[in-house]
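A.B. asks: Below, each chain spelled out in residue letters.
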Amino acid sequence: MIRSENVTKQYGAKVALGGINMNIPKGSIYGLLGPNGAGKTSFIRIMNQITAPDSGNVYFGHRELEPSDIARIGYLPEERGLYKKMKVGEQVLYLAKLKGLSAAEAKSRAKEWFIRLEMESFWENKVEDLSKGMAQKVQFVTTVLHKPELLIFDEPFTGFDPINTNLIKKEIKRLNKEGATVIFSTHRMESVEEICDYIGLINYGEVMVEGPLLDIRRHYMNGTYAFTTKTEQPFTGMNILSRDHQHTGHTITIKSDQYPRDIIQQLADSNELLGFEEVLPSVSEIFIDIVQNGPKPKTYE
Amino acid sequence: MNSPILLIIQREFLTRIRKKTFLLMTLLAPVLLAAAMIVPSLLASMPEDDKMILVLDEPSILLPETGTEQFKLEYLNPGEFNLELAKQFLRESDKDALLYIPSGNGWDPDLIKKNILLYGKEDIGIDLQRFIERQLEEKINNQKLIQQGVDPKVVTQTKTQVSVKSFTLGEEDGNDETSATPLKMGLGYISGILIYFFIFFYAVQVMRGVIEEKTSRIVEVIISSVRPRQLMMGKILGIGLVGVVQFLIWVVLSGTIYTVVSTFIYPEIFAQQVSVGTDAPNLSQVDQSNIFNMIYSINFPLVLGGFVFYFFGGYFLYSALFAALGSAIDQEADSQQFMLPVTAPMIIAISTAMNIVQDPNGPIAFWMSMIPLTSPISMMVRIPFGVPVWQMALSASLLVGTFFGVVALAGKIYRVGILMYGKKVTWKELYKWLKY
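So the protein lines, in turn, are chains A and B.
With this note's numbering, the residue at position 88 of the first sequence is 88, and numbering never jumps.
With this note's numbering, the residue at position 229 of the second sequence is 1229, and numbering never jumps.
Fair warning: there could be bad hints in the mix.
To be verified - Pairs of lysine-lysine residues, derived as BS3-like cross-links and limited to a Cα-Cα distance of at most 27 Å, are as follows:
| no. | chain 1 | residue 1 | chain 2 | residue 2 |
| --- | --- | --- | --- | --- |
| 1 | A | K84 | B | K1424 |
| 2 | A | K132 | B | K1019 |
| 3 | B | K1020 | A | K84 |
| 4 | A | K87 | B | K1019 |
| 5 | A | K14 | B | K1424 |
| 6 | B | K1019 | A | K107 |
| 7 | B | K1428 | A | K14 |
Note that these hints are calculated values from the structure, not bench results.
Produce the complete structure using the sequences and hints provided.
C.D. replies: Structure representation (structure tokens):
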């Protein structure tokens, strides 16, 4: 859907992006992850053509990104807001028209969305009279109203209340099912694990790892195994990470350089073993791993 | 209609026009302006309270003056009073002030004039002080003349006032114009001040608008749809349009008021004036017809056209600067340190306007009306006097050229500034942004 080749951006002496290669597949929910200051927002602003890269190219579909593509992108920036003194309806229409919708089209779609999110009553209100949660809904509608093929959310869940967060997650999933490609940018890596199918991890303006989330987690498996047993087992001599006791069984997580074939055998023989799995690392664990040890070579290629 | 810059202009224009404050300002501004001109003269013409002044005139200089209606003089006997007693007397009396003229040693007017004292129960008004000074000056002058053996009457008779009739030499004989210098000075000065207020008022609105978009955080949403420069230009044009509409309303309004007043309320006064202007001058009306000749000697269409051009030129130039400024700061309170350097040229232009009206073709006038940051004001001050065409053309093209340059630079700062939050910006920082 959108792909970057060697994109660089420098602000004065500070390098924000040092040659970013990213490929966001069509139809994916893509997590653009990295700590604060990693270059996420700089990259997003380049995709939105708010700033131009110093060098490198961005491709939208099969051709280079063009100014007219703005109408095909919906962007919810981290710093968000609306004109406080403007009426909600007028404002939604204005922003939609800026994205190239005709007045009539904008109006009918806005009405649809206002009904769907149960916010018809605020149409005539001024934004300053809305509660924070209501304003967030309005903001979301302005992002998606022009049916963008690509949706970019920068830190979408900071500042949204839990009810709206769930509502918006639901709507985003629906839009994704209808064909929109979604990019989530966040430094809170745990927050997107459940919805993303692709991730790209960046730090200091460089891509550290990118690909399907599951593949990456598999690739970074680090010898963590979880056993669930009927009764509590000692596991002497093992590097134990955690123990968890439930009435359904006792779960113990260990770290081991080798596949723990002997323990499995032993527990199975004594009819103790209820479950066994090799634990996939979380994205933040992978991130810490990469920061400490560098990216893991792709052994499977 | 869906061009983004038109949409932005439309929004900027409509949100401002629909505000109640716009209507209020548009209607009230002429009233306030009129009040600002009328009230001081009204106040000045109001009669002050009469004052009674006690005079202890030891050398008998002022005697037997009795003062005027407003300032009445009443003499104390120098044989009975000294300064202390006279002050005491003032305190206990219902009189307002005490003038003390000591005799000093002998009768030396130059010594006396240095030691004259005036005491008031309250602050001495400027009028009273002037009145006393004038009286004393005249008396002492006369005394001196007499000492020199000159009759003061002779001096009075020989005083002469000269009033030269001045003309501006025309292209050919017969169309010399009556010189209208005082009128042109007034007109030039007023247009200069008006254009200053106009530029300043609307340019600051551009800055406010930019700050509003920045603090409400909507700006990033907008510039993901339009180019930052489109947003900036749309804002500048939209607000400029508000200015034009406001100006037009004022022109129409004052035209209407003039028509109504002249046809219905005081028709006879206006009729009289018009006849004076058109008919051959009557014997007694030479002076009045002179004023009308003066008015006719000013090229009003040029003044009006110049006003519109220089308003737009100056407004565009300054609003681009103010937009850049607004983008660099987070709230209006931070604008102070940057405002002064930006507005300094305008302030200099206003403060040199007096020099320019006195010498409208001198070097100050010339240079100030060429430098684009001052030319909108300074040229406006000069236009009523008539400016050579090449100077107008040069000044206008310098202004337009600079405008494009400034917009390019301001656009760069703006583009970076609107996305910067929570940073105290310095001049060095702004310079760096130019290169981003």
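A.B. asks: Honestly, which of those hints from before does the structure not fit?
C.D. replies: none
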